[in-house]
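Engineer: Next come the chains, spelled out residue by residue.
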Amino acid sequence: MSGLRADLAIIAREVAKGARVLDVGCGDGALMAALRDQKQVDARGMEIDRDNVAACVARGLSVIQGNADTDLADYPDLAFDYAVLSQTLQTTMRPDLVVEQLLRIGARAFVSFPNFAQWRTRIALMFGGMMPVTKQLPARWYDTPNIHHVTIDDFRDFIAQRGIRIEGQWFLRGDRLIGERGANLLAEHAVFLLAR
Amino acid sequence: MSDARFGLDRKITLTEPLALDGGGVLAPVEIAYESYGALNADASNAILLCHALTGDQYVASTHPLTGKPGWWTRMVGPGKPIDTDRYCVICPNVVGSCMGSSGPESLAPDGQPYAMRFPVITIRDMVRAQAMLLDHLGIDRLYAVVGGSMGGMQVLTWAATYPARVDAALVIASTARHSAQNIAFHEVGRQAIMADPNWRGGDYYADGQAPDSGLAVARMAAHITYLSEHGLTEKFGRRLQDRKAKTFGFDADFQVESYLRHQGLSFTGRFDANSYLYITRAMDYFDLAEDHGGHLANAFRGSATRFCLISFDTDWLYPTSESRNIVHALNASGAPVSFVELSAPFGHDSFLLDVPELDRVVDGFLKAGGQ
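Taken in order, these protein sequences are the chains called A and B. So for the first sequence, my numbering puts the first residue at 1; every next one is plus one. So for the second sequence, my numbering puts the first residue at 197; every next one is plus one.
Hints listed in this document are in silico derivations from the structure and should not be mistaken for laboratory results. Take the hints with a grain of salt, since some may be wrong.
[Claimed, not checked] Facing chain A, from chain B, some residues (calculated, C-beta under 10 Å):
| # | residue |
| --- | --- |
| 1 | A493 |
| 2 | G530 |
| 3 | L554 |
| 4 | V558 |
[Stated by the list, open to error] DSSO-like mimics (lysine-lysine), calculated; alpha carbons at most 27 Å apart, straight line:
| # | chain 1 | residue 1 | chain 2 | residue 2 |
| --- | --- | --- | --- | --- |
| 5 | B | K563 | A | K39 |
| 6 | A | K17 | B | K563 |
| 7 | A | K17 | A | K39 |
| 8 | B | K442 | B | K431 |
Note that beta-carbon positions come from the ideal geometry of N, C-alpha and C, so glycine has one too.
So here's chain A without its partners, still in its complex pose (with noise of 0.2 Å):
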């Protein structure tokens, strides 16, 4: 899975062969199109910006374009054995409800997110006393798509206080996994398999 971003290398890795994924955000495609080519995945997708839904559709993929706000509940129950939302979770007006709705629709849910408690960014907040402006968050406050800005600690919390299941975890530094201890610290981002 060479050439994927890293959390995108991961979820590609541990997707089982041959399942059916539903990838909410799928940007160009990328994980789509290797979990396709590489493990017979029957891969749909969902993406805001048209010009990511035409450059899919063009390479051949199942791509809708739409926002994982509104219209995941257009989805049945159990649809897919994945949904996958990578990098979105901190765009949605209510990650509360968009993780209920990836649980209703796929019988395990991967999320991926950027730590906001990362050591650089705790430190410029700290600091430098402004919303940090780092090379894992380059959008200032005012133009950032990450409009729910959370941390490693949060998400688990968030998860338990739910009842949904923890699978498997997996933390980033750059693009070198790293240890759970110590990981709200030290992770840029985080993926994470859930499961009712």
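Assemble the complex: chain A is given as a structure, and chain B must be docked to it using the hints.
Structural biologist: The following block gives chain B in isolation, referenced to the frame of chain A:
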């Protein structure tokens, strides 16, 4: 070795009568069609192209009446998104039309034109006749069925009626049912035709005095629905036509009036008023969910067809919500579906005009079938 069944300006008489949704049968049925590109040895590269209300089979060849290039030359041809070097593209004229397929202008068994004795037909009747044409051409499975507007209704009907014959369905700027507003605009057009003293209950073929004024008004009203308000403003604004001031009369003072009059008038030179009545009726009767117990998803249950739907942000005739409604149903039925709302300034007519993103999506979706 050339096969006389393929090529430009073809016509066949179906060997079987056409059973109609409205009851009864139509026989004999003639179907005029054109084909572009060669059918491969295992007949696996055929694309059926379905035309819109006032379209015809002259997709990419010179129109015999207007002398103008075909209506989709920008999309269909060698190296174009619907690539005739790769696919064999077949476009039949719909039943009810006036460009060679059986319609109200055709002669009934008694040797007189059918006129209003022609049976009211449906979109599904059109599709059944197309299926019989394909049988005649030796094409069992279609690599794709493609159509915009009313053509899209035929594509959806194909996928629902003959799922095993359709590998891919491409539906552009279309809908799964005609809305009250759609029906209302069509009724204005029909009333304009029937109010023309030349219409005479549809029996105008003998003396050549056709209800041209009525048909022109019908076309003018419809044409407005094909454009966006922004497009009209951009193109004409309140500019005057070849004059410096208003005339305080009822001439075509404004450019937009002159344009619409021209559109209406030139339409009468190539279209039959009765055909306009019949085809608009077929569109108004179209409601794919109604044919499947009120649930659109049932129309596609178990379908292995790949779908792609495209809408345009300025199309208020068949707005994006109509395409989304179809996408919703396809998701519920589990069919593989792509959907995109493209941005284009031309309203409903965008599917016929220069929208590079449309070319890209059509090209990619078709190639994904592997041919």
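Engineer: Does each hint hold? Answer for all of them.
Structural biologist: Hints versus structure:
1. Of the supplied interface hints, the one on A493 of chain B holds, with its beta-carbon coming within about 9 Å of a beta-carbon of chain A, less than 10 Å.
2. Because the smallest distance between the Cβ of G530 of chain B and any Cβ of chain A comes to about 7 Å, under 10 Å, the interface hint for this residue holds.
3. For L554 of chain B, the interface hint holds, the least distance from its beta-carbon to any beta-carbon of chain A being 9 Å, beneath 10 Å.
4. The interface hint given for V558 of chain B is met, as the beta carbon of that residue sits about 9 Å from the closest beta carbon of chain A, less than 10 Å.
5. A C-alpha spacing of about 21 Å is found between K563 of chain B and K39 of chain A, which places the hinted pair at or below 27 Å, so the restraint holds.
6. A distance of roughly 25 Å separates the Cα atoms of K17 of chain A and K563 of chain B; the hinted pair therefore holds under the 27 Å criterion.
7. The hinted pair formed by K17 of chain A and K39 of chain A meets the criterion: a straight-line CA distance of about 5 Å does not exceed 27 Å.
8. Taking the CA atoms of K442 of chain B and K431 of chain B, the gap is near 19 Å; set against the 27 Å cutoff, the hint holds.
Violated hints for the displayed structure: none, as all numbered hints are satisfied.
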